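A.B. asks: Listed in order, the protein sequences are those of chains R and G. When you line the first sequence up against the working numbering, it's residues 1 to 298, in that order. When you line the second sequence up against the working numbering, it's residues 1 to 627, in that order.
Just so you know, the hints here were simulated from the structure itself, not pulled from any lab data. Some hints here could point you the wrong way.
Stated by the list, open to error - DSBU-like mimics (lysine-lysine), calculated; alpha carbons at most 30 Å apart, straight line:
1. R:191 <-> R:225
2. R:17 <-> G:340
3. G:158 <-> G:100
4. G:374 <-> G:190
5. G:26 <-> G:308
6. G:156 <-> G:190
7. G:407 <-> R:39
8. R:17 <-> G:459
9. G:237 <-> G:193
10. G:237 <-> R:17
11. G:340 <-> G:193
12. R:197 <-> G:452
What the hints assert, rightly or not - Some chain R residues judged to face chain G by a derived CB distance under 7 Å, without partners named:
13. 20
14. 52
15. 81
16. 85
17. 106
18. 107
19. 109
20. 135
Small disclaimer: the values here were computed from a predicted structure and weren't measured. Ideal Cβ positions, reconstructed from N, Cα and C, are used throughout, including at glycine.
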Amino acid sequence: MATGVQRASQLTVADLKGRVDPDWCPGCGDFGVLAAIQKALVDLQIPNHNVVAISGIGCSSNLPGFINTYGMHTLHGRALAVATGLKLANHDLTVLVTGGDGDGFGIGGNHFIHTMRRNVDLLYIVMDNQIYGLTTGQTSPTSRIGMKTKSMPFGNIEAPVNPISMALAAGATFVARGFSGDQKHLTDLIKQGIEHKGFSFLDVFSPCVTYNFDNTYQWYRPRVKKLEDDSGYDATDWTAAMEKSLLWGEEIPIGKFFERTDLPALHAAEPVLNEGPLLHGELRVPADVARSFIEELM
Amino acid sequence: MKQTFAVAIGGAAGQGVATPGDIFAKIFSRRGLSLNAYNAYQSIIRGGHTLLTIRTGPEPVTNMGDRIDLLIPLNQDTMDRHLKLLGNGASCIYNADTIKPGVAADGVQLCPLPVSELADITRNKVAQNTLAMGAGLHMMGIGFPALEEALREQFKKKGEAVVAENVGVARAGYDYAARHFAAFLNPLPKTDKRYAVLSGNIAMAMGGAAAGVKFYCAYPMSPSTGVLHWMAAHARKAGIMVRQVEDEIGVINMAIGAAHGGVRAMCATSGGGFALMSEGLGMSAMIETPVVVIDCQRAGPSTGVPTKTEQGDLWQMLGAAFGDYPRAIAAPLDIADCFKLIPEMFNLVDRFQCPGLVLCDLLLSEGRLGVDPKDLDFHPVIDRGELITGTNGNGAGAGMATNGDYKRYRITESGISPRAVPGVPGHIHTVATDEHMEDGVLISDEFTNPIKRRAMMEKRMRKVAGIEAAVRPPELRGPRDAEVTLIGWGSTKGVIEEACEILNEEGISANQLQIRWLVPLHGEAILELLRKAHHHRREQLQRAVCALPAQRNQLCAGRQHSQIRRRAFHASSHRGSRQGTARRKNETFRSRARDYGLSAGWEEGDAHGNRRTASKSTDGGRFERQG
Chain R
1 MATGVQRASQ LTVADLKGRV DPDWCPGCGD FGVLAAIQKA LVDLQIPNHN VVAISGIGCS
61 SNLPGFINTY GMHTLHGRAL AVATGLKLAN HDLTVLVTGG DGDGFGIGGN HFIHTMRRNV
121 DLLYIVMDNQ IYGLTTGQTS PTSRIGMKTK SMPFGNIEAP VNPISMALAA GATFVARGFS
181 GDQKHLTDLI KQGIEHKGFS FLDVFSPCVT YNFDNTYQWY RPRVKKLEDD SGYDATDWTA
241 AMEKSLLWGE EIPIGKFFER TDLPALHAAE PVLNEGPLLH GELRVPADVA RSFIEELM
Chain G
1 MKQTFAVAIG GAAGQGVATP GDIFAKIFSR RGLSLNAYNA YQSIIRGGHT LLTIRTGPEP
61 VTNMGDRIDL LIPLNQDTMD RHLKLLGNGA SCIYNADTIK PGVAADGVQL CPLPVSELAD
121 ITRNKVAQNT LAMGAGLHMM GIGFPALEEA LREQFKKKGE AVVAENVGVA RAGYDYAARH
181 FAAFLNPLPK TDKRYAVLSG NIAMAMGGAA AGVKFYCAYP MSPSTGVLHW MAAHARKAGI
241 MVRQVEDEIG VINMAIGAAH GGVRAMCATS GGGFALMSEG LGMSAMIETP VVVIDCQRAG
301 PSTGVPTKTE QGDLWQMLGA AFGDYPRAIA APLDIADCFK LIPEMFNLVD RFQCPGLVLC
361 DLLLSEGRLG VDPKDLDFHP VIDRGELITG TNGNGAGAGM ATNGDYKRYR ITESGISPRA
421 VPGVPGHIHT VATDEHMEDG VLISDEFTNP IKRRAMMEKR MRKVAGIEAA VRPPELRGPR
481 DAEVTLIGWG STKGVIEEAC EILNEEGISA NQLQIRWLVP LHGEAILELL RKAHHHRREQ
541 LQRAVCALPA QRNQLCAGRQ HSQIRRRAFH ASSHRGSRQG TARRKNETFR SRARDYGLSA
601 GWEEGDAHGN RRTASKSTDG GRFERQG
């Protein structure tokens with residue numbers, strides 16, 4: 001059992017193997033995402049004791065148990081709120097938040113919007129399979145209109161959310177989409193997302209082979225087109241990114257939609273953290289400051 | 001009878017009730033007088049009715065009392081509502097230009113101020129307030145320099161011209177009173193004591209800072225918002241990260257995230273927000289990350305009465321989050337205790353790695369009290385428990401070396417497992433809200449194993465015994481063999497304390513059992529105290545146990561609580577006779593309880609906020625012995 005590596009130069013994929021093997025269905029898209037995260041951490045050589053993987057609840061949210069970094073398997077929909085608190089307590093940590101579309105865009109929708117506008121420095125990877133898997137196949141916020149599930153057996157009549165447009169509108173400073181079927185491209189996006197100093201959103205098509213027969217690997221492969229292959233595309237242009245985000249159908253863009261680097265991350269915007277992480281700060285209020293607090297009241 | 005003096009200022013919200021209140025409070029406390037202030041208001045920013053009462057005196061003033069000595073109505077509505085509450089010896093200062101007095105009781109002095117003659121009301125919109133302050137202080141026998149100093153501090157940011165104008169207006173009121181109004185019989189005394197005047201919300205925020213809280217987050221909700229305001233205003237000086245969050249679900253989860261990172265994290269809300277936090281509390285217990293949550297209760301259910309107090313959240317607190325888990329719940333007894341309790345609670349939850357809940361209410365949160373500055377101790381004992389931060393972070397010990405077999409949830413006799421925070425080499429682990437094994441691996445991921453599940457549940461629950469041993473049982477205050485024992489929890493302490501004093505003066509010996517720790521409750525210790533109590537009748541004991549908290553059903557919550565009630569009644573039914581005396585004393589007790597707002601009779605309330613018994617209580621015959 002791997003238990004942590006003291007020196008970054010030694011970090012290998014084997015060091016990042018978790019205490020237990022993933023229990024996802026054979027063929028699940030989440031395997032590809034886990035492998036890409038491990039590869040990205042090895043490429044970046046971030047010591048694994050400085051990485052925290054935080055998730056909510058759902059199939060994909062089991063991921064922190066399958067990777068040998070610090071981990072938090074929190075409540076359904078709440079991973080981003082927990083991650084914000086953790087990052088503010090110790091901003092030296094690399095924070096990865098992982099989860100599914102139900103967790104992030106359904107029950108966690110409120111935190112999704114507000115964590116983006118706060119520009120918390122973390123990478124949020126959504127393994128988007130357009131279905132609720134762990135509860136055995138119900139409609140999700142990204143299920144297409146007409147999709148038949150156990151909860152909408154006559155077809156979904158509600159329009160799906162567009163996570164990329166939402167992220168752009170909410171002020172995310174790094175917005176990208178990956179495909180679990182393209183490891184190399186996905187790994188590259190994860191590395192960029194980790195290195196971006198601010199909120200990075202990465203929506204990943206991660207097919208559910210058990211409950212979603214609409215959005216399969218075969219369905220995606222001919223449709224996904226890399227933005228990086230379009231030499232005319234400028235990922236600093238928010239309007240262009242918004243336009244691209246609306247494309248859906250025969251052509252679905254993947255890659256980096258948008259990045260801006262001119263806004264400080266939340267922890268860098270608050271002077272209280274100028275002296276370093278809260279964790280390592282002085283616990284007590286200095287005596288003269290405490291005295292001034294009391295004198296205000298007299 | 002305690003010598004006290006109460007001034008009440010009333011008007012529409014936005015008419016400037018707060019400023020004279022602050023100035024009176026400052027002047028009283030600087031004279032070395034204790035004070036207790038309470039603002040009854042409506043959930044309206046402009047308009048509505050507000051009545052601020054400040055009760056002061058040379059001895060500790062523990063509650064707002066039930067009589068008004070000086071009423072300053074800033075509008076007709078206040079005059080109409082409150083003049084009838086004044087009794088013999090009281091005065092009412094009002095703007096003769098705009099307000100018509102009603103019929104006052106015998107012995108009430110009406111003091112009309114010709115405001116437009118004394119001040120330029122086109123320039124100074126709150127001239128009537130300042131004139132009334134000046135007039136009032138003269139009648140209390142306080143020299144003008146005290147008021148001048150307070151006004152100077154109040155308006156110094158607005159420049160010398162504003163200071164001079166206000167001092168001039170105040171002087172005019174002061175001098176007018178000297179010529180036209182009779183002073184109060186007893187001038188306000190002076191003592192050598194020094195007081196800091198603060199609300200319970202400020203006290204809890206400062207208590208957090210003293211405890212080493214480094215992360216505070218909240219969603220605004222009355223009456224808890226004052227904690228957020230103090231924290232936000234003082235965050236940078238105190239080195240605290242303060243965040244306003246999108247909802248209370250986000251609040252509790254963010255606080256737990258920060259706590260998991262290794263810092264002390266706190267949040268405050270009221271009943272509705274606390275309801276949203278419930279699932280998060282379960283997470284705190286399950287992943288064993290300590291967090292402190294304050295619930296400033298207001299009247300419920302649902303949105304309820306946002307601006308009025310009630311001890312109505314006890315059931316919610318006892319039942320918050322599903323499943324069984326160790327936790328601590330305490331109710332601060334007064335505003336000084338709001339400060340003191342927070343470091344105590346943090347030490348407890350850091351040691352036992354569980355959630356700690358502080359059950360405050362509007363009466364303390366928004367009330368103000370003069371507190372001895374020595375009671376605001378910014379160097380309390382800090383015990384962070386078995387915390388591994390790898391460095392000297394935040395009061396924890398340095399990291400300990402492991403050979404790779406660190407288990408976050410190691411099964412121990414105490415149930416406490418050493419807690420390493422993310423970032424420490426050699427201690428990598430994943431925490432989970434699913435049931436898990438010692439190393440954090442989900443039981444459901446291998447096989448749901450009832451033996452392992454039980455072992456982990458028992459590990460966590462063993463902490464309950466430790467928490468109980470770490471917390472002191474409540475103590476009886478007053479004569480051991482008193483005829484009447486008054487029981488309350490939390491904020492009712494001040495009222496019950498004074499009720500006991502009055503009963504004792506009346507020749508009915510009374511003592512007080514005030515409960516601060518609700519979980520752990522120390523049920524056996526409480527039973528023991530009650531068994532020894534000198535109760536005459538089962539009915540009386542029943543009232544003692546049930547009726548004193550603001551909501552009669554709330555004290556006896558939970559299995560342990562109802563057991564106390566049952567067993568106490570059983571014990572009392574074996575006690576004997578003296579029924580005639582008992583009945584008379586019982587009636588007196590009942591009438592005292594009613595006078596002091598101790599019964600749960602909401603139906604006795606009227607339109608003047610919380611002062612539901614004041615109309616009776618100013619009757620001079622009230623204190624005559626009955627029976």
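A.B. asks: Hint by hint, say whether it matches the structure.
C.D. replies: Each hint tested on the structure:
no., hint, verdict
1, R:191 <-> R:225, "holds, 20 Å"
2, R:17 <-> G:340, "violated, 47 Å"
3, G:158 <-> G:100, "violated, 33 Å"
4, G:374 <-> G:190, "holds, 20 Å"
5, G:26 <-> G:308, "holds, 25 Å"
6, G:156 <-> G:190, "holds, 26 Å"
7, G:407 <-> R:39, "holds, 27 Å"
8, R:17 <-> G:459, "holds, 28 Å"
9, G:237 <-> G:193, "holds, 28 Å"
10, G:237 <-> R:17, "violated, 44 Å"
11, G:340 <-> G:193, "holds, 20 Å"
12, R:197 <-> G:452, "violated, 42 Å"
13, 20, "holds, 5 Å"
14, 52, "holds, 5 Å"
15, 81, "holds, 4 Å"
16, 85, "holds, 3 Å"
17, 106, "violated, 14 Å"
18, 107, "violated, 10 Å"
19, 109, "violated, 10 Å"
20, 135, "violated, 14 Å"
Hint check: violations occur at hints 2, 3, 10, 12, 17, 18, 19, 20; the rest are consistent with the structure.
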